[in-house]
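**Q** Residue-level listing of the chains:
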Amino acid sequence: MVRLTYQIAFTTLLSYGILFVFGKLRDLFDKLLDWSKSNDPQGYAPICYGFQDFYTRRMYQRAKDCGGRPIASAPDAWLDVIERYSNDNNKTLHRTERTTKCLNLGSYNYLGFAAADEYCTPRVIQSLKQYSVSTCSVRVDGGTTKLHTELEKLVARFVGKPAAIVFGMGYATNSAIIPALISKGDLIISDSLNHNSIVNGARGSGAAVQVFQHNNPSHLEEVLREQIARGQPRKYRPWKKILVIIEGIYSMEGELCRLPEIMAVCKKYKAYTYLDEAHSIGAVGKTGRGVCELLGVDPADVDIMMGTFTKSFGSCGGYIAASKEIIQHLKRTCPAHLYATSMSPPAVQQVISAIKVILGEDGTNRGAKKLAQVRENSNFFRSELQNMGFEVLGDNDSPVMPIMIYNPGKIPAFSRECLSQNLAVVIVAYPATPLLLARARICISAAHTREDLIKGLEVISKVGDLVGMKYLPIGPLNHKAKEFSKLELIKIE
Amino acid sequence: MASEIMNATANALVWISCTFDAPTRAVVFGVPIDGHLVVEVLLVVVILFQLTRKSYKPPKKPLSEKEIDELCDDWVPDPLTPQISEEMMVEPPTLESAAGPHAIVDGKEVVNFASANYLGLIGNENITDSCAGALEKYGVGSCGPRGFYGTIDVHLDCEAKIAKFLGTPDSILYSYGISTIFSVIPAFCKKGDIIVADEGVHWAVQNGLYLSRSTVVYFKHNDMKSLEATLEKVTSRSKHPEKVRRYIVSEAIYQNSGQIAPLDEIVRLKEKYRFRIILDESHSFGVLGNSGRGLAEYCGVPIEKIDIITAGMGNALATDGGFCTGSMRVVDHQRLSSSGYVFSASLPPYLASAAIAAVNYLEANSSVLSDLRANIATLLNELSNVPGLVVTSHLLSPIIFLKLKKSTGSDKTDMHLLDSIANQVLKEDSVLIVTTKRSNLDKCPLPIGLRLFVSASHSEADLLKAAASLKRVASLVLS
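Those protein sequences? They're chains F and L, same order as listed. By full-length UniProt numbering, the letter at position 466 of the first sequence is numbered 466, and the numbering carries on one by one without gaps. By full-length UniProt numbering, the letter at position 155 of the second sequence is numbered 155, and the numbering carries on one by one without gaps.
I should point out that these hints are in silico values taken from the structure, not numbers from a laboratory. The beta carbon of each residue, even a glycine, is placed where N, CA and C say it ideally should be. Hints are not guaranteed to be accurate.
Stated by the list, open to error - Some chain L residues close to chain F (C-beta under 10 Å, calculated; not the full set):
1. Tyr56
2. Lys57
3. Pro77
4. Tyr118
5. Ile122
6. Gly139
7. Val217
8. Tyr218
9. Gln255
10. Arg274
11. Ala318
12. Val330
13. Ala345
14. Thr378
15. Leu380
16. Val434
Unchecked claim - Mimicking DSS-like on lysine-lysine, the simulated pairs with C-alpha atoms at most 25 Å apart in a straight line are:
17. F:Lys235 - L:Lys471
18. F:Lys324 - L:Lys437
19. L:Lys403 - L:Lys471
20. F:Lys146 - L:Lys437
21. L:Lys190 - F:Lys184
22. F:Lys91 - L:Lys161
23. F:Lys129 - L:Lys108
24. L:Lys161 - F:Lys64
25. F:Lys129 - L:Lys137
26. F:Lys235 - L:Lys57
Chain L with its partners taken away, still in its complex shape (with noise of 0.2 Å):
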């Protein structure tokens, strides 16, 4: 069996041999065709044969109807909210009256920390004369938006006004304080441009920065060094500087801590890098200066040099609404590129009246601003030694910011904490501080703590009757 095999296996190999060394039986165009050849000739069709198949994939069936119809009945969504627990129900204080130094809160009259009311303009009869003027000449709202008829002549004055003050061009108002900064930064920052952010810039900064799709490094809160470094960085690996546009972006005041910005450096940083720098002026606008006039006053820096300058009006003028400054390419190309100026009617008139009527007061009377800083001095002396709590703002913030000087290791207990020396503060001695509350689409890493807004309006006695509350309610909550 075995041979027979073997002998059938040598013929078909001496037949396949003398098939390759067969002669030539046909000539061809000049080629003969010997044996080999047809064999080859054969592999190279079954090659590309193979080569022109497609690759194996499993075949694509689209659903059917019935399959669709299917999946959208199984399909449950989400419920739009969380369940509410207890302690979301909580309601804030609800005011009686004016917010200012003195306040009326749910029926009896308490101590106001909780307003940034800084010069104490709010009840100042100018300026509610001038804007009861307003409402009756223009009514309240400018139904429109600026391009649409709703630009009105108390508001040009008013951009007019506000320049002259700070010594720029020209100004541009917004209608909101919150949507100055989150418009602003979008209409310069586009996809690919290069923005170094402090860490702990506000929400409405962070929405701005998101919305800009650019590149955002953040550096550490106030840490010039790190904001040194991260300029290094983000320049060596930058590879086209001409077209790439480079923002720092900062607040003057941090309201998230109560830290004042070092201008003279971030300046110097900036010219040694190439960057513009966007400040955020919303509480030092009629704080900082001798005058008043903000950040830049009071560092002694030129105004030319900072690129943008925006605030909220909420604050020391007590009024609402918002403004830009800067060169009159900055704010020309706002005009037309800016979402929140362009698509929102514009700032009620009278408001705008009271921010002439604010500016003109502080230019009028500006030792309201050395009566607000011994008020300042004066409430950070007293509360140097709360059991518990550590003041973490600058010297000559308006905003006061204390936080535990030992954490629990969880937010939510912090929170707590905070919360019931609040309240208790406000039920038993009726004075009215407030706690930083965060949303949860907020991402600032900076602790949470206790704020006092302080006004040039307070009397000695308001300071020292918030300072000594302060100090009971803390040893008694946090021994």
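Okay, chain F solo, but in the shape it has when bound (with noise of 0.2 Å):
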């Protein structure tokens, strides 16, 4: 929950209403002086006109060189990220040839699998010279190779379901599931904030959407009693099923979802539930089985669990883990399965590695280590934070946290800044977030040493003060809790 003070909101407001006028002053400028030059020829509609690139050309532009930065080495603790020069404000953005070595706070790298590692990048090599780049060729028809078995028999064992079935990309996993299990005739009620790509899913499979707010198990209780009873609008007729989607870690809140509550209301109402695990398979939980463990929820209890491995395993892709029944009707029918050309071997190869060091299969206790090492690093750097005066979002234990910033000016200079002293931070504004609320968000790693995280704090508290972040009090949050009464709040979820 953030708490967002009158005076913090009219400044932002102040901000952007400032930047605003500035664009719309260039904007005129632009059309007077440039009134006969036309970038689409004659007959064509432009591709975007008026207002709808407004943000884009004269507000996102000013940051644009916070954004996309790239870099010349494995996204690992300490990354190379390569300079850039503009030299027509940011419009285009020019490479050059040196590279400045920062501490990454910024990549999802939650055990430290993303650059190459002891147990499995040789097998990974292994593969790729067995089975080579790709199959060239969709699941169903001669893109199946033993790995992918192999694969989907240990996810389902891992995360504790029957069985599962893996795709090449984990956007287009939801994208793609969700219109094979629900069309129209069917309901949707998912989290107010959850993923684009749900949000994609949900509106290709034709059926109706409510959304209920986020996190809360009352509200949503509430909409699953007034949708049953009314049923289908204007038909008034039944729903024929009714899917809940929320997610285990919310990326840009850093919450986790208060899972025991809402099994609770869904089973109690019949509806089906369909988990995103995205950020917390493997990142949270005693043995890195995500919320389900950590919350004490059986497996069995949830109907569709979906998880990518881009995140806490360093490869590509996305599951499903179901029922026998649900995945046998989803190899027939959804289209990424039959359509996609099937995951690349050298990538299953690193999952099927990587779950072998969690579980302890390859004969070290590594998988373990590195469990409790993100889980101490979360806390001690999320506990160092808030200490500071930063208001930092987000459970205990979840590896994401973002740091509020508000205002637009802010927001490039925190980046630049901290770039400058050589840490490499992610920053978060509309349209992902609500326009006031534009944050900073950290992602902490196992492979982040606690020299390291020193070292981030100090650079981060430095920076903050610069810039002017450190909103709230300084000192442990418990006590100056009392002293937010005179202040006037607003709370926004």
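Two independent chains are provided; combine them into the complex using the hints.
**A** Structure below.
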């Protein structure tokens, strides 16, 4: 939950207002000075006109160098950021040959599998030599290799479900599975802060979509009761089935979902559940099995569990784990299984090796050490940041921690100043977050050592003082909670 | 009795007319109040009273909590999946080696016609070496979307290489073949735009068209007259041509039929009616044209005339992922508004380096294209007289599409026949060919059939074996 005071809201809106006015002035001068020039040939409507890309041209472009920074090494704990320069106010950015070694607090590398690993990489290269880079074929034709079947069995065992199916891209998993299970006449109830892939999948299915307040089981119950009682709008027939979609860790908030309460509500009203564990599988839980293990929910209760291999396993792709019937049905109907090239065999081998390390089946206890390391690192970093006075979101044990910035002037300042002090951070603003709630997002990895984290904290503290981001009083949060009643507080959920 | 009633009525009538004609009793504000005025005022008051009354509606009672509880208890949801029948439990063949022209499937060696390995790059040493180097340096995954430190120098090199190869200003990489087209279309086509698409496009294109929420009109598969008529109809109906964006969506080689789109015709029509073209070159990039630059080179059309070209790299380039290319404006626009680019992790770096190596190989050895063309010609020649099946793909298409000469009338029985042909060919003669499998979400109306993917590295013996086996099994099954 974000504590946005009136003072901060006013100054942020004022900054956006000034940027808007300047943007409009520039547009006006553009039109006056270049009115005869037109990029598009005669008779064609422009690709984007008028206000549609105003935000991109006049606001995002000022901070364009803070996003999309290319790197020249693996996205490990330390990486080499390639320096870029621009001669025309960020319209075009040019690469140089120079690189800067920076501490990486932005990549999704929770267990440290991003770079070459002593157990995984030799096996990956061996599978490359045996199966080649790609099978050039879809799974149902000639693209299923022994590795794919092995991975599906291993994922099912790891997650705790009877069967699983894997795909080559996490985003396409959501967009292609949801239409295969849900169609017209069904209802999807999804959390208000769900990821774009879920929104696209829900839209592509043709079903009705309702949204419930983020992480609020009582509002979910209200919505369910109303929808079941009312039935389909205009047709007055009952819904054929209802699917509730939630995520394990919400990547922009860093908080865990309230899984036990939501599961209780869904069970009571006979709704099916779909849990997207993109950020939580492999990163939370005692043995890395995700939010179900952390929060004590039986995996058999969740109907469909989805996850990706990009974050904790250092590979690419996604999976769905569910009952045997659902998986068999998906294998016959899911378009991503029938039409998309199968997952590249070296990437499959990387996931198999990574899961074996996590489970301890490689003969060492590196997996358990990594899991303990990432948990310890996240909790340490979060408590230190809160002690310094930053407004940090998210729950304990979650390796994702957003730090609120709010003001558009501070966003590129924070990012550029950190880079000049060799710290690579990620900043997120509109449209990925609401307009007033821009933030910097830190992702902690098991590959970070204690010295790395202390250096990161030093730099963030210095830059935070320079930029003015320490909105909360210094010291542990509990003691100062009472003083907030003096300021006018708006809670934005 | 009757006369008394008549008297009473007559008296009443007389009384009423007297009231009407009564002399003025009062003068209010200079207006003499006659008797009839009182009656008229009363009537007006009654009319106004009725008008102000609400019309009759049955009273709406909201459901009580107990009633909602009962409804929720009574409601029974459908099961998530339908019943699984025996035939749905069939597993596809499992490869135990690389998917080259000869592969090991379920323990024995087969001739592989199921991989779209057109240039024979699977197992190529250069590509494997460059991948191994990339794996050692960068690991497997890129751990982040392009905007958050997921842009690795190999991605930028790959984009520059592809743009240089095709002769366009820039290109943009996507991390999955099918997600390319269904992210590109919604990035450019919004609600209110008009799209004219071929009815035989594959599922990813259909999904992109659906997600874009534009008005989609289909024209008959690969029929230029139908395209012209549709364009004519759509432009005559359109009210504000300067504000509405219009697109023609087509594939270069259709994977549902093996036909090749006549690009020069389409470009002529596009210029006449002011449309933009979105062309999906997944199966023609690296295959058509003297140097493999795709359909534009084959038809002699300058590349600038095609607005947006997309392609999946899982076919000729033997890697994974996809790219999109066009003018600078087209490519720049996608970097912020294409959902498959912004919200998804980027392509693993070793696949990007494999793509660079593949394009380098194609530039250095363009003779592989003539090998591929010779193989296609040989196989087509051999397959011209298969009993019961007819070839419907184009002469230059590396996907050879065979459909049943006489359909049984139901898709299910057709599928049965084709499946049994494919299974027997695999079991008895060790040749792996595939049938077209359609998802129930796919709305393509074209007939299903058998597909053979020809590669430049197939030997003549392989082709003859496949043709002979197919002829033998087809005559057994379809007689």
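**Q** Run every hint past the structure and note whether it holds.
**A** Verification of the supplied hints:
no.: 1; hint: Tyr56; in the structure: violated (22 Å)
no.: 2; hint: Lys57; in the structure: violated (18 Å)
no.: 3; hint: Pro77; in the structure: holds (4 Å)
no.: 4; hint: Tyr118; in the structure: holds (8 Å)
no.: 5; hint: Ile122; in the structure: holds (5 Å)
no.: 6; hint: Gly139; in the structure: holds (5 Å)
no.: 7; hint: Val217; in the structure: violated (17 Å)
no.: 8; hint: Tyr218; in the structure: violated (18 Å)
no.: 9; hint: Gln255; in the structure: holds (9 Å)
no.: 10; hint: Arg274; in the structure: holds (4 Å)
no.: 11; hint: Ala318; in the structure: holds (6 Å)
no.: 12; hint: Val330; in the structure: holds (7 Å)
no.: 13; hint: Ala345; in the structure: holds (4 Å)
no.: 14; hint: Thr378; in the structure: violated (21 Å)
no.: 15; hint: Leu380; in the structure: violated (21 Å)
no.: 16; hint: Val434; in the structure: holds (4 Å)
no.: 17; hint: F:Lys235 - L:Lys471; in the structure: violated (54 Å)
no.: 18; hint: F:Lys324 - L:Lys437; in the structure: holds (21 Å)
no.: 19; hint: L:Lys403 - L:Lys471; in the structure: holds (13 Å)
no.: 20; hint: F:Lys146 - L:Lys437; in the structure: holds (22 Å)
no.: 21; hint: L:Lys190 - F:Lys184; in the structure: holds (22 Å)
no.: 22; hint: F:Lys91 - L:Lys161; in the structure: holds (22 Å)
no.: 23; hint: F:Lys129 - L:Lys108; in the structure: holds (20 Å)
no.: 24; hint: L:Lys161 - F:Lys64; in the structure: holds (24 Å)
no.: 25; hint: F:Lys129 - L:Lys137; in the structure: holds (17 Å)
no.: 26; hint: F:Lys235 - L:Lys57; in the structure: holds (21 Å)
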